[in-house]
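Number of protein chains: 2
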Amino acid sequence: MIDKVLAHIEANKDAHVSRLNDLLRIPSISTDADHKADMSKAADWVRKLFTDCGIAAEIVETPGHPCVIAEAGPADGPAVLIYGHYDVQPTGDLSLWSSPAFEPTVRDGAIYARGSADDKGQVLTHLFAAEAWMKVAGDLPVRVKFVVEGEEEIGSPNLEKVIRDHRDRLACDYVALSDTPQFDHDTPAITYGTKGMIYKELFITGPKQNLHSGSFGGTLTNPGNALAAIVASLRDGDNRVTIPGFYDNVRDLTNDERAAIKKLPFDEDGYRQSIDVPSLEGERGFSTLERKWARPTLDVNGMIGGFTDEGASTVIPAKMSGKMSMRIVPDQDPERISEAFDAAVRAACPPGVKLEIKTHASCSAYLGELDSPGMKAASAAIEAGFGKAPVFIREGGSLPILPLFKDVLGADSLMLGFCTPDCNAHGPDEYFRIDDLHRGTKTSACFMNLLAGAK
Amino acid sequence: MIDKVLAHIEANKDAHVSRLNDLLRIPSISTDADHKADMSKAADWVRKLFTDCGIAAEIVETPGHPCVIAEAGPADGPAVLIYGHYDVQPTGDLSLWSSPAFEPTVRDGAIYARGSADDKGQVLTHLFAAEAWMKVAGDLPVRVKFVVEGEEEIGSPNLEKVIRDHRDRLACDYVALSDTPQFDHDTPAITYGTKGMIYKELFITGPKQNLHSGSFGGTLTNPGNALAAIVASLRDGDNRVTIPGFYDNVRDLTNDERAAIKKLPFDEDGYRQSIDVPSLEGERGFSTLERKWARPTLDVNGMIGGFTDEGASTVIPAKMSGKMSMRIVPDQDPERISEAFDAAVRAACPPGVKLEIKTHASCSAYLGELDSPGMKAASAAIEAGFGKAPVFIREGGSLPILPLFKDVLGADSLMLGFCTPDCNAHGPDEYFRIDDLHRGTKTSACFMNLLAGAK
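Here the protein sequences line up with chains A and B, keeping their order.
Everything in the first sequence is counted per the numbering used here, starting at 871 for the first residue and increasing by one.
Everything in the second sequence is counted per the numbering used here, starting at 871 for the first residue and increasing by one.
Rather than coming from a laboratory, the hints here were simulated on the basis of the structure.
Being a predicted model, the structure only gives us computed values, none of them experimental.
There could be a bad hint or two in this list.
Copies of the same chain look alike in the list, so a pair counts if it fits in one copy or across any two.
Straight-line alpha carbon distances no greater than 25 angstroms define the calculated SDA-like cross-link-like pairs of lysine to any residue that follow [to be verified]:
1. K1228 <-> E1180
2. K874 <-> Y1117
3. K1224 <-> R1110
4. K1228 <-> T1178
5. K1276 <-> S1232
6. K1031 <-> G1181
7. K1078 <-> D1179
8. K918 <-> H905
9. K1228 <-> P960
10. K1224 <-> S1208
11. K1228 <-> I1174
12. K1224 <-> S1103
13. K1133 <-> S1144
14. K1228 <-> L1104
15. K1224 <-> L1104
16. K1005 <-> W915
17. K911 <-> G1181
18. K1258 <-> A877
19. K1224 <-> G1107
20. K1132 <-> D1146
Work the whole structure out from these sequences, hints included.
Structure representation (structure tokens):
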């Protein structure tokens, strides 16, 4: 039967591209309140894909954006929950895009559009695979539950309640998802660990309005200088975070992990060139991949305040704000790090200004098992779909839902990465290779098949 | 004759307000290339005021915005050059204005509009005074040369050439101008010193585009963290500038000056409340007025980069830029401080990013004589116009043209301040009191009269 399913997928390659493009045209930007209607539209698009091929699906409303839940396959045997998200990041400066962010454009065998890789293109591999099974076999080979949410890019504030509310219905042995990259263009990968994340925004308020920097300079604290002082105080010259207690619970890489990382075909200079920086930098004492996957970081995400137009206006800014986020690793506790951050920021804030700290998002890191039956099925499926065994890697990005699934459903997550690492997720010119859409779809079809015998 | 001139001014009070409003309606923002036509319009408005009352005037074109030069009065006896500017600062966030910035609105006896105090309202006092003399007496009582430029708010890049080109024609014993405030609402003032200014902009470039802070965090220098580190490194915890050699040539206040400052009716808490900050802060070891008038400062004027919209986008910014300016005092050399700043910024910039430094403006501080005949005439004129003798103060703002006049024309500058110190120059709701417009006009008329006998 799997051969027929794969043949069906092969025969529908062009249709899959065209249907992915339909979804990509919906600007489902979850960070932006103006796109509320697009969120519903995208959720409905996903629901319809399920119901059109005979998979029971429903839209679960939340206080934020809706979530699509679906289910099919035999009730006995193992169960897998396939997770993905239909929301996307903002576009950023549109002038940096080679083609419009929400008009999918094919160049050099890849689809360029916001969300093509993160995560619409990747989640559709699983939906197209399920659809192929339904059309060819009338059912799935294994019990599959689907959760496709609309709030991943804002930290999944309502997913926990949805999962808890539907805990019995969503019970599973594994969670599978594709929201991570391959290791490189020729090396498929399974990711077994992600970083956690804490996103903060600082609002610094000084005088009631912008003041003349000559007439008032030297008499009050400048919110711009204050923000710079605070941000700079959070890291030292070795790029280590200076927040007291920050490294207390950081789990060190094992010797096996360090050895495995060293063996990976990582092209350090190619990576440097791909992001076009003069040199790679980071915490002293660790290699680039070690820092990327297993060391906590603290980054400015944005700062704004004062006079930012063309020219030279001599003001002392009334306000200044800065967004920054920390990526944390096992076993740092987000709650504890969040509090330590706030305390460090307050301690570093000079007198004479008001400081407000907002926490936008917070989640734990995740580290899964490498030798479970589910992991073996996932690995064999990738080998079937891509013609090459995957490497096992970790990821610097955060998937807040992994610790949540572990906690509520008791299930480890299998992260089958189908996009390329330079896919420009969150940046301009995000893309997903058409080949990877097809190989991913075949992988998912095989994975369902292999998992059926894996318990 | 002076009585008739003052009576004429009194009779034209309303007309003066109405004509000032005409000029205020022209959005002559010199920092903004889009307002090129408004600059010509404002210059022409000023020229016409002169020629309509019989004062020879011409518009001198420059590579930037035009300058109006005019001249009248007897050829013998002392000569004074009256300087002012018709250009204004940008409006900043218009939502912070109580009424539109370029629709002058009268509230509580004051005209609210961008440029009302800085400097259109103040420069018009002198033009209205000259006009009154022309209309009543058919000539001015003393030789007066006028220079009204359009580039003060961008550091007067072309004024030096204009002054040098017209050096003989503009020869004078004193320069007089009104571009500084009174000491407080009830205390007129003559300013005898200003700070110099150096305005810099830093451009920090990291990766070729915004990157996912998870996938790439820890592997490259973040331009936001880099900017914060640079800015923070420029001052220490005592609010002293850390640039090597920065304080080398700072002229200390004399004991007389410190004593005079202490005697001024300065309401420290009233000042704090007027700008609405929790506490006044600045360089340790100096009083608020000492810091404001005689100690150099370094302020952030604006910073921008990365994700600055609503919400939480996890990017490492590709670029970050920061505008900052230093106010310098006698005898700091702008050239030397500018170079020291650049060197300190380069030294503080972490590896892994590209740094570009742009100098927008640079000028020296100025300190004039307190007991010259011109200063005495100015003081007596204010006493006549305001009914109260002025105090002698310094100013934290910069008037780049004062050292220029001293250098090219050999003339000291007399700064007769007619606006109030909380006039919101450069901020929203800039205003100029109608009373001060009239008192300033009378003062200027008396000043011309008194100066005629002052050589």
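Okay, the hints, checked on the actual structure:
Only between protomers do K1228 and E1180 lie at most 25 angstroms apart by alpha-carbon distance; the minimum there is 12 angstroms, versus 30 angstroms within a single protomer. When the C-alpha separation of K874 and Y1117 is checked against a cutoff of 25 angstroms, the pair qualifies neither within a copy, at 52 angstroms, nor between copies, at 81 angstroms. In this homomeric assembly, K1224 and R1110 come within 25 angstroms of each other (Cα to Cα) only across copies, at 21 angstroms, whereas the closest approach inside a single copy is 27 angstroms. Taking the closest pair of Cα atoms, K1228 and T1178 come within 25 angstroms of each other both inside a single copy (23 angstroms) and across two copies (14 angstroms).
Taking the shortest alpha-carbon separations for K1276 and S1232, only the intra-copy value of 16 angstroms comes in at or below 25 angstroms, while the best inter-copy value is 61 angstroms. Taking the shortest Cα distances, K1031 and G1181 sit within 25 angstroms of each other only across copies (21 angstroms), while inside one copy they are farther apart (49 angstroms). Taking the shortest Cα distances, K1078 and D1179 sit within 25 angstroms of each other both inside one copy (20 angstroms) and across copies (22 angstroms). Within a single copy, K918 and H905 get their C-alpha atoms as close as 20 angstroms, which meets the 25 angstroms cut-off; across copies the closest is 53 angstroms, which misses it.
Proximity of K1228 to P960 under the C-alpha cut-off of 25 angstroms is restricted to the intra-copy arrangement: shortest distance 20 angstroms within a copy versus 31 angstroms between copies. In this assembly of identical chains, K1224 and S1208 lie within 25 angstroms of each other by CA distance solely inside one copy; the values are 20 angstroms within and 32 angstroms between copies. For the identical chains of this complex, K1228 and I1174 are neighbours both inside a copy (16 angstroms) and across copies (19 angstroms), given an alpha-carbon limit of 25 angstroms. Taking identical chains as interchangeable, the C-alpha atoms of K1224 and S1103 lie at most 25 angstroms apart whether they share a chain (18 angstroms) or sit on different chains (22 angstroms).
For the homomeric pair K1133 and S1144, the shortest alpha-carbon distance inside one copy (21 angstroms) is at most 25 angstroms, but the shortest distance between copies (64 angstroms) is not. Taking CA atoms no more than 25 angstroms apart as the test, K1228 paired with L1104 passes inside one copy only; the shortest distance there is 17 angstroms, against 28 angstroms between copies. Taking the shortest Cα distances, K1224 and L1104 sit within 25 angstroms of each other both inside one copy (19 angstroms) and across copies (22 angstroms). In this assembly of identical chains, K1005 and W915 lie within 25 angstroms of each other by CA distance solely inside one copy; the values are 19 angstroms within and 79 angstroms between copies.
In this homomeric assembly, K911 and G1181 come within 25 angstroms of each other (Cα to Cα) only across copies, at 21 angstroms, whereas the closest approach inside a single copy is 43 angstroms. For the homomeric pair K1258 and A877, the shortest alpha-carbon distance inside one copy (19 angstroms) is at most 25 angstroms, but the shortest distance between copies (98 angstroms) is not. For the homomeric pair K1224 and G1107, the shortest alpha-carbon distance between copies (18 angstroms) is at most 25 angstroms, but the shortest distance inside one copy (28 angstroms) is not. For a Cα distance limit of 25 angstroms, the shortest separation of K1132 from D1146 inside one copy, 23 angstroms, qualifies, whereas the shortest one across copies, 57 angstroms, does not.
Going through the hint list in order, the structure does not satisfy hint 2, though it satisfies all others.
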